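Protein chains: 2
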Amino acid sequence: MKVSDVGERALVELARRTFKIGPKVKVGIGDDAAAIDIDGRYLIATTDMLVASTHFPQGTTAEQMGHKAVIVNLSDLAAMGAEPLALIFSVGLPRELDVGFVRRMIRGMDLTARRYGAYVVGGDLDESDDITIAGAAFGLASKGQLLTRSGAKPRDVIAVTGQLGAASAGLKILLGRLPAKGYEKLIKAQLEPIARVREGILLVKNGARAAIDITDGLAANLWQISRMSKAKFIIDREKVPIHPLVQKFADRHGFDVEDFAFFGGEDFELLFTVRRRSWKKVQLALKRIGTTAAAIGYVTRGRGVYIRKHGVLEKLPDRGYEHFK
Amino acid sequence: MKVSDVGERALVELARRTFKIGPKVKVGIGDDAAAIDIDGRYLIATTDMLVASTHFPQGTTAEQMGHKAVIVNLSDLAAMGAEPLALIFSVGLPRELDVGFVRRMIRGMDLTARRYGAYVVGGDLDESDDITIAGAAFGLASKGQLLTRSGAKPRDVIAVTGQLGAASAGLKILLGRLPAKGYEKLIKAQLEPIARVREGILLVKNGARAAIDITDGLAANLWQISRMSKAKFIIDREKVPIHPLVQKFADRHGFDVEDFAFFGGEDFELLFTVRRRSWKKVQLALKRIGTTAAAIGYVTRGRGVYIRKHGVLEKLPDRGYEHFK
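Here the protein sequences line up with chains A and B, keeping their order. All residue numbers for the first sequence refer to our numbering, where the first residue is 12 and numbers rise by one. All residue numbers for the second sequence refer to our numbering, where the first residue is 12 and numbers rise by one.
Treat the hints as calculated values from the structure; they're not laboratory data. On a predicted model such as this, the values are computed, not experimentally measured, just so you know. Glycine included, each C-beta is placed from N, C-alpha and C at the ideal position. Check before you lean on any hint, since a few could be wrong.
[What the hints assert, rightly or not] To give an idea of the chain B side of the interface with chain A (calculated C-beta under 8 Å), a few residues:
id : residue
1  : Val14
2  : Thr29
3  : Ala45
4  : Arg106
5  : Arg114
6  : Leu256
[What the hints assert, rightly or not] Negatives, chain B to chain A, calculated, CB over 10 Å:
id : residue
7  : Ser15
8  : Arg52
9  : Gln69
10 : Lys199
11 : Asp267
All chains should be modelled from the sequences, with the hints used to inform the complete structure.
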């Protein structure tokens, strides 16, 4: 059986079953990041690898590659409610690559890391055919203040930060060489995403219970958090905040807007659940730092993810961006 | 200018100059691992990437790949005197790879990590043409108990653990398809290296001041530690402990034994310096756990690395294994 036959989820499950963990490991494989108990605090650690030919559309600049390599890792810390400390990178470079490109890439890493209060403190350089950037990010969280994928409870409000669909619509424009005029924000969302680090910290401080960053698409990430929390998620289609330019772009070209907002991925927004009584407080805390958040549904007893559309409740397909399809 | 024109050392120097670090970063780019102050202790973090076509000779098993990916990272922690906590891995896999291979590889990772008291707690999976394993390891060290590359002081004893040259002689056998009979230990040193984790912790507790793990070869690693400590290193050729099988192998095939023991790399032994008055104590502490250590020279004022051979002092060539030559 080949890697491509079993898919990413089965491989992650294989890893989760294989790797034994000790008592200090509070969260192991299967969440956005790992959490390890170090005398009263949690060390939060995550890794994400980007390979140029798969992850960066043609025309991505060196700075943007460096930027995104930092963001994908910080976003995982954000989804745990952790405060970033530092990043390290193993970078594989083709021998023929221009040194100026490398200089701009690491400058992009440095600027983005520092914008989030983190530093790049180490790395490894190797030769590889394709530009490969494997990052690891470290952060800290207080004990009892951790957002996991398994923390959702019945009656919790399900919510998301920001608006969805922009990054994957931007990718569609780039890959399909569609006219970009008027849609620059979508392209920027794809090439220069942001990480919801401050939002993650506010979420955990204001009583949110579960979170995941939206990388595989809202639908796939809803399924992940619902499976890990062993709870049923009911989503109201009308309440899902879709980026207005995505709606316009989809209408213009006859695309299904849900392909971007539900199944597109790489929004790096936070999908989270929060006690009903804490929801308004969370929303207000986010508003104070200029971030919108929308309640899109609620958690209940049972299993699966369902969506109410035009008054009808149906199962939401569990599909999204996955590396090994 | 291309990446291959400037070489690895220049790229590391570029990164060191580019990345700004904050006050909590005690050790940044340029050492074996980074050290970050977290309330009275140091978080030690390192990353190392292995790419199958460059790092694993033909015939390396899946378990051995997983094993070595853990060792190269733990060895960096050892060189800082840190106690390992956990590892995370970003792994790039070809679509056509057999799932059984992946299973054996991660089993190798798990067994080796746990043998050193560490756990694999997270990861990322991606598609790539060549098997690519980017690991990150983190551990803890007490404040004031840190082995860096810059800590060597005049009058320190220079020493190494174990015996040198086995791993690169083993690589020579594998790459040159030379007869392996009688040299199985050399091949094993290449494919299944060990990390001197307990030794690193004992070194720091017994007053060692500087250390580096021997990955690029004794000569290159001596130059690195001497440059970063701004001191002159004098080595006595007769005292450098060479693996007896390496001597035998070199004699048999007419190779220069120094090509393995000085310029070969991947021994993963610790090269360290220690106050003259602490040397015997360090040697004894290592002996108690069954590890030999040899004093091979001393630190003095000045710059450069010199070696005394047959009564003559000459400059040791600053060359060794480097990824971008």
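So, going through the hints one by one against the coordinates:
Annotation: B:Val14 was flagged as interfacial toward chain A, and the flag holds, the nearest CB pair being 5 Å apart, inside 8 Å. Look at B:Thr29: its Cβ gets to within about 5 Å of chain A, closer than 8 Å, so that hint holds up. About 4 Å separates the beta-carbon of B:Ala45 from the nearest beta-carbon of chain A, less than 8 Å, and the hint is met. For B:Arg106, the interface hint holds, the least distance from its beta-carbon to any beta-carbon of chain A being 4 Å, beneath 8 Å.
Interface hint status for B:Arg114: upheld, as the beta-carbon distance to the closest one in chain A is roughly 6 Å, under 8 Å. For B:Leu256, the interface hint is violated, the least distance from its beta-carbon to any beta-carbon of chain A being 29 Å, above 8 Å. Once the 10 Å rule is applied to beta carbons, B:Ser15 is inconsistent with being away from chain A; the minimum gap is 4 Å. Not every C-beta of chain A lies more than 10 Å from that of B:Arg52, the closest at about 8 Å, which undercuts listing it as non-interface.
Residue placement check: B:Gln69 keeps its beta carbon more than 10 Å from all beta carbons of chain A (closest about 18 Å). Distance to chain A confirms B:Lys199 as a non-interface residue, since its nearest Cβ pair spans about 24 Å, more than 10 Å. Consistency note on B:Asp267: stated as away from chain A, and its beta-carbon is indeed over 10 Å from all of that chain's, at 26 Å minimum.
Hint compliance for this structure: hints 6, 7, 8 are broken, all remaining hints hold.
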